[in-house]
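Here is how the chains run, residue by residue.
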Amino acid sequence: MKHTISVLVENKAGVLSHVAGLFSSRGFSIDSLAVGETSDPTVSRMTIVVDADERILEQIMKQLRKLIDVIKVQDLTGGDFIDRELVLIKVDAGPKKRSEIMQAVDTFRARIVDVNPKSITVEVTGDRGKINAVLELLRGFGIKEIVRTGRIAMARRNKNQ
Amino acid sequence: MKKTGAEVILESLRKEKVEVVFGILGGAVLPVFDAMYDFPIKFILTRHEQGAAHMADGYARATGKAGVCMATSGPGGTNLVTGIATAHMDSIPIVAITGQVFTTMIGNDAFQEADITGITRPITKHNYLVKKVDDLADIIKEAFYIASTGRPGPVLIDVPKDVQMAETSYKYPSEIKLRSYKPTYTGHIRQIKKAAEAIAKAERPIIYAGGGVISSGAADELTRLARKTNIPVTTTLLGLGGFPETDKLSLGMLGMHGTQYANHAIMESDLIIAIGARFDDRVTGKIDEFAPEAEIIHIDIDPSSISKNVQVDIPIVGDAKLILRELMKYVDKKEPGPWHKRINNWKKKYPLSYKKDGKLRPQFVIEQIYEVTNGEAIITTEVGQNQMWAAQFYKYTEPRTFLSSGGLGTMGYGFPAGIGAQVGCPKKIVFDIAGDGSFQMNIQELATAVVNKIPVKVAILNNQYLGMVRQWQELFYKKRYSHTSLAGGPDFVKVAQAYGACGICVKKKDEVRPALKKALSVDGPVVMDFRVVEEENVYPMVPAGAAVNQMISGMA
Numbered sequence: 001m002k003h004t005i006s007v008l009v010e011n012k013a014g015v016l017s018h019v020a021g022l023f024s025s026r027g028f029s030i031d032s033l034a035v036g037e038t039s040d041p042t043v044s045r046m047t048i049v050v051d052a053d054e055r056i057l058e059q060i061m062k063q064l065r066k067l068i069d070v071i072k073v074q075d076l077t078g079g080d081f082i083d084r085e086l087v088l089i090k091v092d093a094g095p096k097k098r099s100e101i102m103q104a105v106d107t108f109r110a111r112i113v114d115v116n117p118k119s120i121t122v123e124v125t126g127d128r129g130k131i132n133a134v135l136e137l138l139r140g141f142g143i144k145e146i147v148r149t150g151r152i153a154m155a156r157r158n159k160n161q
Numbered sequence: 001m002k003k004t005g006a007e008v009i010l011e012s013l014r015k016e017k018v019e020v021v022f023g024i025l026g027g028a029v030l031p032v033f034d035a036m037y038d039f040p041i042k043f044i045l046t047r048h049e050q051g052a053a054h055m056a057d058g059y060a061r062a063t064g065k066a067g068v069c070m071a072t073s074g075p076g077g078t079n080l081v082t083g084i085a086t087a088h089m090d091s092i093p094i095v096a097i098t099g100q101v102f103t104t105m106i107g108n109d110a111f112q113e114a115d116i117t118g119i120t121r122p123i124t125k126h127n128y129l130v131k132k133v134d135d136l137a138d139i140i141k142e143a144f145y146i147a148s149t150g151r152p153g154p155v156l157i158d159v160p161k162d163v164q165m166a167e168t169s170y171k172y173p174s175e176i177k178l179r180s181y182k183p184t185y186t187g188h189i190r191q192i193k194k195a196a197e198a199i200a201k202a203e204r205p206i207i208y209a210g211g212g213v214i215s216s217g218a219a220d221e222l223t224r225l226a227r228k229t230n231i232p233v234t235t236t237l238l239g240l241g242g243f244p245e246t247d248k249l250s251l252g253m254l255g256m257h258g259t260q261y262a263n264h265a266i267m268e269s270d271l272i273i274a275i276g277a278r279f280d281d282r283v284t285g286k287i288d289e290f291a292p293e294a295e296i297i298h299i300d301i302d303p304s305s306i307s308k309n310v311q312v313d314i315p316i317v318g319d320a321k322l323i324l325r326e327l328m329k330y331v332d333k334k335e336p337g338p339w340h341k342r343i344n345n346w347k348k349k350y351p352l353s354y355k356k357d358g359k360l361r362p363q364f365v366i367e368q369i370y371e372v373t374n375g376e377a378i379i380t381t382e383v384g385q386n387q388m389w390a391a392q393f394y395k396y397t398e399p400r401t402f403l404s405s406g407g408l409g410t411m412g413y414g415f416p417a418g419i420g421a422q423v424g425c426p427k428k429i430v431f432d433i434a435g436d437g438s439f440q441m442n443i444q445e446l447a448t449a450v451v452n453k454i455p456v457k458v459a460i461l462n463n464q465y466l467g468m469v470r471q472w473q474e475l476f477y478k479k480r481y482s483h484t485s486l487a488g489g490p491d492f493v494k495v496a497q498a499y500g501a502c503g504i505c506v507k508k509k510d511e512v513r514p515a516l517k518k519a520l521s522v523d524g525p526v527v528m529d530f531r532v533v534e535e536e537n538v539y540p541m542v543p544a545g546a547a548v549n550q551m552i553s554g555m556a
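First to last, the sequence lines map onto chains A and B.
So the first sequence is residues 1 to 161, counted in our numbering.
So the second sequence is residues 1 to 556, counted in our numbering.
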């Protein structure tokens with residue numbers, strides 16, 4: 001099962017390698033990982049998506065907590081949280097297919113961000129369901145390239161709120 | 001007051017009450033060694049950085065204080081790696097300080113440059129690359145704190161040469177500011193009460209104690225708890241000395257080369273009280289068949305050790321010493337019963353034994369070392385057969401008297417670790433029980449021992465083989481002894497003498513005692529070359545992947 005883990009870390013050099021290294025050396029695999037500064041510039045947040053059963057997940061969480069520069073680890077899965085991902089999709093599109101694609105993109109409130117004679121680049125932001133639906137739809141036109149940011153996520157309310 | 005980075009390092013070590021540093025210098029740590037020239041700190045120059053790391057480790061295991069080793073950049077650091085990994089696997093507090101090329105050169109493949117923080121990431125508890133001299137004192141303070149608290153472990157500090165030379169206004173921090181690292185020490189009281197209830201109900205309980213008992217200093221608490229409740233105690237290799245093996249409740253070591261009675265007892269138990277142990281594969285054997293009827297209480301300071309290999313029923317996270325003290329309040333006195341009778345029958349039926357004939361057998365040598373030292377020595381071991389016999393045939397009664405590379409299984413550990421232990425405990429007798437293979441992996445440290453007058457006694461159980469590997473080839477590879485013979489090895493007596501140490505060769509059984517007596521009378525390092533029976537095996541033995549009560553028992 002996919003789990004979305006939110007990890008607060010010290011914003012220091014080498015932290016990412018400690019986290020990424022932990023996954024590789026213990027044989028856990030990462031689906032996606034996104035990092036960025038929080039409102040406190042000394043703290044960064046990593047959103048990590050992993051595919052793991054309960055036992056492995058427990059180990060991942062415990063091993064993450066063991067890292068000295070890790071401040072807080074939370075599994076958001078199962079709780080109330082918002083998650084988003086941004087994906088750029090370059091679609092094979094000559095002038096004939098263009099309007100059809102634009103219509104489809106519109107339905108999903110995605111945006112066209114680049115057009116050239118042979119392709120269209122679509123930007124879509126959303127949760128996993130929406131992104132999968134857009135990908136599914138555009139696959140029919142022929143996808144040339146995909147770039148994904150990896151998922152970021154936030155709990156709707158903090159525990160002590 | 002302004003100080004250079006090099007001076008900050010030395011001042012900070014003094015503030016941490018570091019008595020001794022082991023290591024070798026080189027280009028990238030020259031500023032530190034220049035500052036050391038007229039600084040009052042004991043430095044032991046080793047002959048290989050691996051030796052320095054093991055010495056720091058042996059010092060730490062013997063004294064309970066963090067050991068310190070130092071090396072230059074590049075190969076200096078990479079030579080420490082095996083020693084750091086050894087300490088990491090066994091949760092031993094060491095602080096390793098390495099020089100690094102100038103910050104402006106980092107990443108340029110400069111001369112003697114290695115990404116040592118990258119290399120040691122998976123084998124340290126934490127590591128640092130110091131980029132600003134102003135951070136240095138804080139980092140050193142943190143490093144010692146991290147190394148020696150919680151589940152201890154090695155910490156590496158990589159200091160570029162320009163940082164060592166730069167000046168800063170030095171003030172050693174009085175406290176640590178680490179929001180992200182707060183080990184749990186006190187056990188959860190409800191869990192402790194649950195554990196006490198389980199102990200009250202259990203009919204076939206067993207305590208399984210590991211290295212955590214030693215590092216938390218919980219040996220006395222463990223002994224009191226076991227005696228009050230009459231629960232038999234088995235220890236892991238690293239737990240040896242955590243409970244007196246002379247006690248009638250002692251089952252000795254369990255696992256692959258543990259006693260048969262310990263293994264039968266844990267397999268048939270209905271309650272396992274694991275204390276500072278991590279259910280390693282050498283202990284559990286085939287995990288699916290391990291102790292099928294047992295409820296498991298697991299006391300450990302590292303939450304990630306709990307339910308990692310086996311599912312635990314009553315986890316208690318915290319320091320073993322504090323938890324056992326608390327637990328003691330809730331357990332009632334219990335008398336021995338049928339369970340103890342059953343265990344005593346196993347003890348009678350399956351004692352540890354070996355062939356008692358006229359031949360010089362390795363087990364006999366260890367029994368003799370036990371006798372001449374009254375069981376009061378610090379024993380270090382190499383890895384392999386020598387290690388297992390040392391674990392089986394010497395009775396450990398005090399913590400920090402058995403030092404061995406358990407997790408990583410590092411050949412070449414015992415001799416330098418013995419030197420470190422001897423430096424930390426100058427009044428103790430220190431024996432390295434070695435094999436002819438392992439000893440040669442750090443034999444160069446004879447120079448360190450001789451020059452610094454460190455009187456470690458090395459007992460080589462010389463069987464002319466990489467013995468444990470040969471044993472596996474004998475038992476599982478149809479005696480095809482592929483490249484395990486060490487025949488034609490050096491004359492260890494001459495090697496010892498060449499280094500300026502005393503060398504003694506022993507070929508007969510009745511020469512063992514006099515040789516040991518002579519070794520003890522020599523005020524300096526001694527190498528004893530015991531030419532033991534070549535194809536002796538370590539028994540009992542659980543074949544890899546079998547359940548731990550499926551033991552091969554040898555001649556017994």
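To be clear, the hints were calculated from the coordinates, so they are not data collected in a lab.
There's no promise every hint is true.
[To be verified] Straight-line Cα separation of at most 30 Å, DSS-like style, residue types lysine-lysine; simulated pairs:
1) 509(B) - 62(A)
2) 509(B) - 72(A)
3) 349(B) - 132(B)
4) 193(B) - 17(B)
5) 12(A) - 171(B)
6) 333(B) - 12(A)
7) 182(B) - 141(B)
[Unchecked claim] Cβ pair distances, simulated, as ranges:
8) 41(A) - 247(B): 40 to 46 Å
9) 25(A) - 103(B): 24 to 30 Å
10) 167(B) - 41(A): 25 to 31 Å
11) 2(B) - 41(A): 28 to 34 Å
12) 128(A) - 180(B): 28 to 34 Å
13) 136(A) - 107(B): 41 to 47 Å
14) 477(B) - 132(A): 49 to 55 Å
15) 476(B) - 25(A): 25 to 31 Å
Backbone N, C-alpha and C define an ideal beta-carbon position, used for all residues, glycine too.
Status of each hint after checking the structure:
no. : hint                        : in the structure
1   : 509(B) - 62(A)              : 53 Å, violated
2   : 509(B) - 72(A)              : 61 Å, violated
3   : 349(B) - 132(B)             : 65 Å, violated
4   : 193(B) - 17(B)              : 39 Å, violated
5   : 12(A) - 171(B)              : 23 Å, holds
6   : 333(B) - 12(A)              : 53 Å, violated
7   : 182(B) - 141(B)             : 15 Å, holds
8   : 41(A) - 247(B): 40 to 46 Å  : 58 Å, violated
9   : 25(A) - 103(B): 24 to 30 Å  : 27 Å, holds
10  : 167(B) - 41(A): 25 to 31 Å  : 28 Å, holds
11  : 2(B) - 41(A): 28 to 34 Å    : 30 Å, holds
12  : 128(A) - 180(B): 28 to 34 Å : 30 Å, holds
13  : 136(A) - 107(B): 41 to 47 Å : 43 Å, holds
14  : 477(B) - 132(A): 49 to 55 Å : 52 Å, holds
15  : 476(B) - 25(A): 25 to 31 Å  : 29 Å, holds
The structure does not agree with the numbered hints 1, 2, 3, 4, 6, 8 stated previously, though it agrees with the rest.
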